[in-house]
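One letter stands for each residue in the lines below.
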Amino acid sequence: MSALVQPTSNQTAGVPDPWITGAEMLVEALRSEGVEVIFGYPGGAVLPLYDALYECGIPHVLTRHEQGAIHAAEGYARVSGKTGVVIATSGPGATNLVTGLADAMLDSLPIVAITGQVPTSVIGSDAFQETSIISISTPITKHNYQVRTAQELPGILKEAFHIASTGRPGPVLIDIPKDVANASGIFDYQEPVQVPGYQPTIKPNQMQLRKVVSAIRAAKKPVILAGAGVLHAKAHESLRQFAEQTQIPVVHTLLGLGGFPADHSLYLGMGGMHGSLVANMALYETDLLINIGARFDDRLTGNLQYFAKNAVVVHIDIDPAEIGKNVRTHIPVVGDAGESLKSMLDMELTPVQADEWMAYLLQLRDEYPFWYQQDGTLKPQRVMEIVHQQTQGEAVVVTDVGQHQMWAAQFYPFNGPHRWVTSGGLGTMGFGLPAAIGAQLGAPDRTVVAIVGDAGFQMTLQELSVLAESQLPVKVIIFNNHSLGMVRQWQELFYEGRYSETLLSNQPDFVKLADAYHIPGFRVEGEEDFARALQAGLATDGPVLIECRINPEENVFPMVAPGKGIHEMVGVKP
Amino acid sequence: MNRIVSVIVNNKPGVLNRVTAMFMRRGFNIQSITVGATEAEGQSRMTIVVADMDEPDIEQMMKQLHKQIDVLKVTEVTEQPMVARELALIRVHSPVPTRGVLSTLIDPFRATIIDVGVETVTIQSVGKPEKVDALIALLRPYGIKELARTGVTALSRDSDTVGEVARLQANTLSL
Ligand SMILES: Cc1ncc(C[n+]2csc(CCOP(=O)(O)OP(=O)(O)O)c2C)c(N)n1
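These protein sequence lines are chains A and B, in that order. Numbering follows our numbering, with no gaps: position 131 of the first sequence is 131. Numbering follows our numbering, with no gaps: position 167 of the second sequence is 741.
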């Protein structure tokens with residue numbers, strides 16, 4: 001049984017008072033859920049909650065902005081597989097969570113967000129710091145609740161953790177009015193969760209899977225597209241076995257990276273806008289596309305008219321609404337990726353007869369690797385190679401959004417799961433640094449490297465405070481190209497080089513900035529300098545910041561231009 | 575042809591907002607929506623009418639509805655044996671001498687005059703939406719002063735309407 005009560009002042013001698021406040025219930029629930037860390041920021045409406053948290057024993061990380069708190073919770077959730085918890089006050093505290101909620105919604109991350117609210121008696125009166133976070137967050141949460149009485153709080157908390165972490169994970173928000181946090185009720189956390197309207201299908205339909213298996217037998221050009229659903233289901237091992245037994249090659253989505261070993265002979269790399277040529281050609285020419293836990297995002301598919309146009313499409317997804325949403329699907333399978341793979345492994349799987357297909361793909365893979373040309377400047381791609389080398393490919397790599405994100409995805413191959421933290425669906429600049437904080441707390445024994453652009457870094461750089469304060473050994477690597485690189489690239493390629501508001505002329509001194517936060521900083525302009533700085537950084541116990549001066553004109557290639565088919569890649573060779 | 579979807583939801587604050595927010599976000603257009611009590615306590619029925627759309631779109635709409643945690647059951651009733659009814663209140667310009675004519679006119683529709691004023695009468699009509707449309711068209715030449723339609727509410731004739739949702743969950747989505 002969970003610790004039911006903390007002794008309260010009005011208890012009679014010896015008999016614990018079962019009545020506790022809403023705020024105390026929150027603490028009890030967090031304990032029962034095994035919450036290891038809370039990210040948050042206090043304010044008027046959450047004073048009762050913060051009072052209950054004081055000396056409660058659950059570590060709290062005070063980020064310097066609520067957006068930082070929720071991205072940290074996301075980073076934590078991504079590497080640990082556990083639910084990230086964030087607390088913010090009403091009004092501006094709650095609205096500062098919005099970007100992170102939307103980000104977690106699109107990338108299916110389990111988050112429980114607690115917001116304070118003005119007292120129930122004044123809800124609707126435009127009270128000080130009142131905002132309708134329920135209305136605001138409805139389209140960007142898996143579910144949300146406004147608690148009306150303390151008595152319903154334990155049930156809601158339990159339900160929220162259940163909904164956030166099961167099925168297709170996602171953010172759940174609980175809005176707690178101040179008077180509810182102060183009111184008392186009986187804490188009962190034993191009741192099993194019952195949500196009649198929420199019954200995710202975990203076990204797949206066996207008949208559908210048998211159809212998949214027979215489609216595999218008939219296929220000449222099969223390919224597996226593996227998304228983050230594989231990682232959520234912790235199904236990487238089953239995926240490897242399935243690919244090996246059927247001899248079907250594997251393409252990853254951006255968010256799926258690490259689900260299948262990058263050094264495997266069946267691995268074709270990442271597909272999509274900046275994916276590998278071989279991955280995209282496989283998706284273009286395949287006659288059997290087996291999508292496991294990916295949602296056919298447009299950055300992956302390119303122009304849908306050309307995507308897997310001759311293929312029988314299998315889509316295995318725990319969320320039935322993803323099936324058939326973007327790509328017509330011939331064999332839908334609703335269920336958990338791991339359960340589905342295991343079921344198929346129990347059926348008779350034989351290697352596909354696809355020698356020609358494999359020979360063709362392997363030739364493309366050899367002929368069109370990711371590339372860059374040494375030109376005397378510090379190459380961001382080379383920086384990623386050095387990071388890979390020095391961390392033996394074992395680091396947790398967290399990125400922000402932009403060109404550096406794509407270089408990291410291209411030049412840091414992952415051989416294992418839960419090491420890649422990036423904002424895929426929403427593409428949120430400012431995600432990287434706070435997410436790295438959460439990732440380090442979720443994987444305390446791993447090396448965490450944050451790869452950020454000079455612009456995105458400046459959106460949440462105040463979180464350097466947290467790195468310094470908690471001495472989290474995150475290695476922050478800034479790719480300084482003095483521009484909003486990815487947007488500048490599009491202006492170069494599609495807007496005749498009219499660099500409208502994408503060149504940053506007045507940059508701060510990033511090394512001095514690090515110094516101001518009591519973090520050692522290095523500025524490097526050459527490859528050897530970088531290798532030395534990183535080596536020194538990795539040898540340090542605490543955080544380090546390395547600013548890499550890279551060529552402002554560096555572009556990410558290869559590329560599927562917007563509106564083009566996935567087979568129409570440009571920049572595939574030097 | 576319009577599509578009619580019957581949705582059983584938890585009767586909780588904010589549920590209507592959740593459903594309409596989903597329609598707006600996903601770009602589905604609602605023609606009419608009615609919400610009211612059902613036989614079960616704590617549950618409401620929404621009857622949502624949308625313009626005809628392609629099969630994949632309607633399927634996506636139903637799945638998105640079903641994904642809402644407060645949605646318990648989703649059934650498309652357009653093609654099923656069902657009863658769909660709408661109520662309209664129509665205030666028509668009607669000086670006393672024309673009232674006899676008006677009365678005969680609305681009689682075949684089983685519409686009734688429920689309020690009488692000096693210059694106008696108010697007619698109540700209940701029926702299939704097409705019938706209400708026809709009556710309105712017929713009354714228009716007299717001068718319609720005010721019009722209120724409730725939107726359609728519907729029930730399957732067959733009480734066992736879980737078919738659609740069960741089908742979605744059993745992985746046997748139509749292709
Ligand atoms: C919050 C937010 N605003 C705007 C964008 C659009 N955007 C995408 S990439 C990018 C440039 C990022 O520049 P930087 O952080 O320096 O990274 P780089 O592309 O140069 O590596 C911008 C502005 C975004 N993704 N997120």
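Derived by calculation from the structure, the hints in this document are not laboratory data. For glycine and all other residues, C-beta sits at the position ideal for the given N, C-alpha and C. One should not assume that every hint holds.
[Stated by the list, open to error] Estimated spans, in silico, between C-beta atoms of each pair:
| hint | chain 1 | residue 1 | chain 2 | residue 2 | range |
| --- | --- | --- | --- | --- | --- |
| 1 | A | Val570 | B | Lys586 | 48 to 54 Å |
| 2 | A | Ser135 | B | Ile718 | 33 to 39 Å |
| 3 | A | Asp346 | B | Thr594 | 40 to 46 Å |
| 4 | B | Lys586 | A | Asp346 | 55 to 61 Å |
| 5 | A | Asp346 | B | Leu729 | 58 to 64 Å |
Hint check:
{"no.": "1", "hint": "A:Val570 - B:Lys586: 48 to 54 Å", "verdict": "holds (52 Å)"}
{"no.": "2", "hint": "A:Ser135 - B:Ile718: 33 to 39 Å", "verdict": "holds (36 Å)"}
{"no.": "3", "hint": "A:Asp346 - B:Thr594: 40 to 46 Å", "verdict": "holds (44 Å)"}
{"no.": "4", "hint": "B:Lys586 - A:Asp346: 55 to 61 Å", "verdict": "violated (42 Å)"}
{"no.": "5", "hint": "A:Asp346 - B:Leu729: 58 to 64 Å", "verdict": "violated (44 Å)"}
Hint check: violations occur at hints 4, 5; the rest are consistent with the structure.
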